[in-house]
Amino acid sequence: EAGVVQSPRYKIIEKKQPVAFWCNPISGHNTLYWYRQNLGQGPELLIRYENEEAVDDSQLPKDRFSAERLKGVDSTLKIQPAELGDSAVYLCASSLDRRSYEQYFGPGTRLTVT
Amino acid sequence: AQRVTQPEKLLSVFKGAPVELKCNYSYSGSPELFWYVQYSRQRLQLLLRHISRESIKGFTADLNKGETSFHLKKPFAQEEDSAMYYCALSEMEYGNKLVFGAGTILRVKS
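Order-wise, the sequence lines are chains A and B.
Note that the numbering used here numbers the first sequence so that position 48 is 48, with each residue one more than the last.
Quick note, the numbering used here runs 1000 ahead of the 1-based positions in the second sequence.
No wet-lab data here; the hints were simulated from the structure.
On a predicted model such as this, the values are computed, not experimentally measured, just so you know.
Idealized CB from N, CA, C, for every residue including glycine.
Be aware that one or more of the hints could be misleading.
DSS-like mimics (lysine-lysine), calculated; alpha carbons at most 25 Å apart, straight line [as the list claims (entries may be wrong)]:
1) B:Lys1073 with B:Lys1009
2) B:Lys1097 with A:Lys62
3) B:Lys1109 with B:Lys1022
4) A:Lys71 with B:Lys1097
5) A:Lys78 with A:Lys62
6) A:Lys78 with B:Lys1097
7) B:Lys1073 with B:Lys1057
For each label pair, taking beta carbons as the anchor points, the in silico distance ranges come out as [stated by the list, open to error]:
8) A:Ala2 with B:Ile1056: 19 to 25 Å
9) A:Leu96 with B:Gln1042: 18 to 24 Å
10) A:Gln17 with B:Gln1078: 42 to 48 Å
11) B:Gln1042 with A:Gln41: 16 to 22 Å
12) A:Glu83 with B:Phe1076: 44 to 50 Å
13) B:Ser1030 with A:Lys15: 41 to 47 Å
14) A:Asn51 with B:Gly1066: 38 to 44 Å
15) A:Gly3 with B:Ile1056: 15 to 21 Å
16) A:Gln41 with B:His1050: 20 to 26 Å
Chain A side only, calculated, beta carbon under 8 Å to chain B, not exhaustive [said to hold, decoys possible]:
17) Gly40
18) Gly42
19) Leu45
20) Arg48
21) Asp56
22) Arg98
23) Glu102
24) Gln103
25) Phe105
Let's have the full structure, built from the sequences with the hints guiding it.
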């Protein structure tokens, strides 16, 4: 079992450029989470999906961030345009369903915006 | 608003010494608390949850509602316990939305 897969693992871009992150959850997991982790802080939830429906995106900066989970499996998180303050680790996690207490995390994508 | 506080950024202890990683929370409802751990070059993973009341890798944590605390304890630290530890609170009525503390680095010295 590969676990949650994320790509790329590292990304360096200049400000104002677009960037996208991809996540493949554990097979059979219906719930998918995107978190952002700033340096020295714990992960903060950006958006949560139940199958293909975004059920909690209250923390997603909608002016520049977008996400999708087509067919309720893989998910993509996009930032356009990126700002210096977006430098962080972006984590994807999945769980069996919304009532499952354990979330399984991917390795994360470290984004550096210069 | 819900909040999780881990007052120590770094806790350094000698091998064999007792360990206590502090976690305090604020939440108006009935919380579900967790400890997640991240070992060097590994993914963030669940260590334990308060409802299970079990010991994992020698660690235990008791939920104290009066003091709104969920401290993680181990009587005898081992070098392999060195890692980053995050306390997290779940709002289960919203589908397991986790709120994390800032984390504590545990360093066990030989």
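So, going through the hints one by one against the coordinates:
Annotation: proposed proximity of lysine 1073 of chain B to lysine 1009 of chain B holds, straight-line Cα distance about 16 Å (limit 25 Å). A threshold of 25 Å between alpha carbons decides the hint, and for lysine 1097 of chain B with lysine 62 of chain A the separation of about 19 Å falls inside it, so the pair holds. Taking the CA atoms of lysine 1109 of chain B and lysine 1022 of chain B, the gap is about 19 Å. The hint holds against a cut of 25 Å. Distance check on the hinted pair: lysine 71 of chain A and lysine 1097 of chain B sit about 22 Å apart at the alpha-carbon level, within 25 Å; holds.
Under the criterion of a C-alpha separation no larger than 25 Å, the hint pairing lysine 78 of chain A with lysine 62 of chain A is consistent with the structure, at around 10 Å. Between the alpha carbons of lysine 78 of chain A and lysine 1097 of chain B the distance comes to roughly 21 Å, so the proposed pair stays at or under 25 Å and holds. Taking the CA atoms of lysine 1073 of chain B and lysine 1057 of chain B, the gap is about 11 Å. The hint holds against a cut of 25 Å. For the hinted restraint 19 to 25 Å between alanine 2 of chain A and isoleucine 1056 of chain B, the CB-CB distance of approximately 24 Å keeps it satisfied.
At about 22 Å, the beta-carbon gap between leucine 96 of chain A and glutamine 1042 of chain B stays in the expected band of 18 to 24 Å. In this structure the supplied range 42 to 48 Å holds for glutamine 17 of chain A paired with glutamine 1078 of chain B, their Cβ-Cβ distance being about 45 Å. In this structure the hint that glutamine 1042 of chain B and glutamine 41 of chain A lie 16 to 22 Å apart at CB holds, the actual value being about 19 Å. In this structure the supplied range 44 to 50 Å holds for glutamate 83 of chain A paired with phenylalanine 1076 of chain B, their Cβ-Cβ distance being about 47 Å.
For the pair serine 1030 of chain B and lysine 15 of chain A, the beta carbons lie near 43 Å from each other, so the given range of 41 to 47 Å is met. Taking 38 to 44 Å as the suggested C-beta distance range, the pair asparagine 51 of chain A and glycine 1066 of chain B conforms, at roughly 40 Å. Between glycine 3 of chain A and isoleucine 1056 of chain B the Cβ separation comes to about 19 Å, which falls inside the hinted range of 15 to 21 Å. At roughly 23 Å, the beta-carbon separation of glutamine 41 of chain A and histidine 1050 of chain B lies within the given 20 to 26 Å, and the hint holds.
With a least beta-carbon distance of about 7 Å to chain B, the hint placing glycine 40 of chain A at the interface is held under the 8 Å criterion. For glycine 42 of chain A, the suggested interface contact is upheld, since its CB lies about 3 Å from the closest CB of chain B, less than 8 Å. With a least beta-carbon distance of about 6 Å to chain B, the hint placing leucine 45 of chain A at the interface is held under the 8 Å criterion. Evaluation of the arginine 48 of chain A hint against chain B yields a held restraint, the C-beta minimum of about 7 Å falling below 8 Å.
Nearest Cβ of chain B to the Cβ of aspartate 56 of chain A: about 6 Å, under the 8 Å cut. The hint holds. A hinted interface residue such as arginine 98 of chain A counts as satisfied when its beta carbon comes closer than 8 Å to some beta carbon of chain B; here the least separation is about 4 Å, so the hint holds. Interface restraint check for glutamate 102 of chain A: the shortest CB-CB distance to chain B comes to about 5 Å, inside 8 Å, so the restraint holds. For glutamine 103 of chain A, the shortest C-beta to C-beta distance to chain B is roughly 7 Å, which falls under 8 Å, so the interface hint holds.
The interface hint given for phenylalanine 105 of chain A holds, since its Cβ lies 4 Å from the closest Cβ of chain B, which is under the 8 Å cut-off.
Checked against the numbered hints above, the structure breaks none of them.
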